[in-house]
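First to last, the sequence lines map onto chains D and G. For the first sequence, numbering that gives the first Met the number 0 begins at 0 and goes up steadily by one. For the second sequence, numbering that gives the first Met the number 0 begins at 0 and goes up steadily by one.
If you are wondering where the hints come from, they were derived from the structure by calculation, not from laboratory data. Beta carbons: idealized from backbone N, C-alpha and C, even for Gly. Hints should not be assumed to be uniformly reliable.
Said to hold, decoys possible - Restraint ranges, calculated between C-beta atoms of paired labels, are given here:
no. : chain 1 : residue 1 : chain 2 : residue 2 : range
1   : D       : Arg138    : G       : Gln32     : 34 to 40 Å
2   : D       : Ser59     : G       : Val246    : 47 to 53 Å
3   : D       : Leu25     : G       : Pro109    : 22 to 28 Å
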Amino acid sequence: MAYIKKSPWIIHYDGSSCNGCDIEVLACLMPKYDIERFGAVNMGNPKHADIFLITGQINSQNREVVKTIYDQIGDPKVVVAIGACAIGGGVFRDCYNTLGGVDKVIPVDLYVPGCAAKPEAIIDGVVQAVGLLEEKKKRGVVTHKEGTGDETRKLPPVPDLNLEQE
Amino acid sequence: MTSLWLIIGYVVLAPLIGGIISGLDRIITARMQGRYGPPVRQAFFDVFKLFEKQNLTVNRFHGYYLVCFLIFIIFSGILFFGGSDLLMVVFAFTVADIFLVLAAYSTNSPYCSIGAERELLQMLAAEPMLLLTAVGFYMVFGSFHVSVIYRAALGGKLPILYLPGVFLGLTYVLTIKFRKSPFDLSTSHHAHQELIKGLTTEFAGPSLALIEIAHWYETVLLLGMVYLFFAFVPIIGVIITLFIYFVEILIDNTNARIKWQLMLESAWLATLVLGGLNLLALYLFAMISKGG
Ligand code: SF4
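Build the full structure now, drawing on both the sequences and the hints.
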């Protein structure tokens, strides 16, 4: 039996945007939804986490951060992009500093739509992520070998903003 | 023969009891916060899960340090439940903690290092009271041996009646040893502290599972020390011990983390006032009865 199903520990990162989805993720931990019923805990430490919940869009400043967090999570792991911003940049997609959705930097397993995503939808996402974790465990998916520090994916180049010209 | 059974019982059952206690702890904490909380077996699920995860090591020695930590925790428990010297129990317990600190330092991570420094401070704050407890038992029962103390307690010489101050002091220090709020400086069971996870930040998967298992052994050993004060009737002793743990949970949920200076000062003050005065009173009584 895979115990990873029974105890999915979460790390949550909010890549700015309007923070609406961020608040909804935290709402899941509060008394009304209380996802700790399923053993899910918000860890705040990538090395202890299994599920990476990420809200907000990717910009030129947080791309390194998101990549680092992803690399620090031990296998098996699942990435869930929450909200329109995390999926494709949302209302901020045309901003000068926005690179787009989370999948621009790291491989995303699940997308939870909404602006803001509802707590019910987020919980559904986590439940599906748990199923995926078990599957990855069974297939023995390895994203990075121990000690080699090999890259899963190269970071996209930062677009030349040419701000001075304006 | 009984002590052998007790030792075997401790080694086999302590993780079970410790795990259940930590599961109940999480449920009670959740209820105090108006939540429903995880199932009782959650602590076991967590540890089994951690063994399924990848072991990310940053230093090839940290695994050995953690194994030593676990071994010495179990060793000090064996000394205690085997009825051995109480001072030895305290020293072995300290050595175990030192290994945890070494493991944290070996990772070279800033969070871990600060966590380790704070763990050292926590030991500094708690250790005098643990030693005074051993000394207090010696003054009452004339022996450091847990088996002698236990037999005398069963025979009707209640430790709590002679050592109420020492008991209160020990309860104060227990919060530091359990790393519960307001003394969860080095690491915390709850997310979102300023050091992320402090001492345990760099330990992933099986390494973290070892720490968790050691923590269960630690819990049972410390609660065993509390039980020793009330060892005259087993049922009452167990009920009071569990009640003390409940009080720890209550304190955990109603207090914010404090600075290390306040922790050190208050712990030493408690040691000096509660423990010291108790020992002084014992000494004076002994003098008077000798003189009379
Ligand atoms: S998806 Fe909507 S609610 Fe969520 S962060 Fe973006 S703008 Fe805010």
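Here's how the hints hold up against the structure:
1. D:Arg138 / G:Gln32: 34 to 40 Å: holds, 38 Å
2. D:Ser59 / G:Val246: 47 to 53 Å: The hinted range 47 to 53 Å holds for Ser59 (chain D) and Val246 (chain G), with Cβ atoms some 51 Å apart.
3. D:Leu25 / G:Pro109: 22 to 28 Å: holds, 26 Å
The structure fails none of the hints (numbered hints given earlier).
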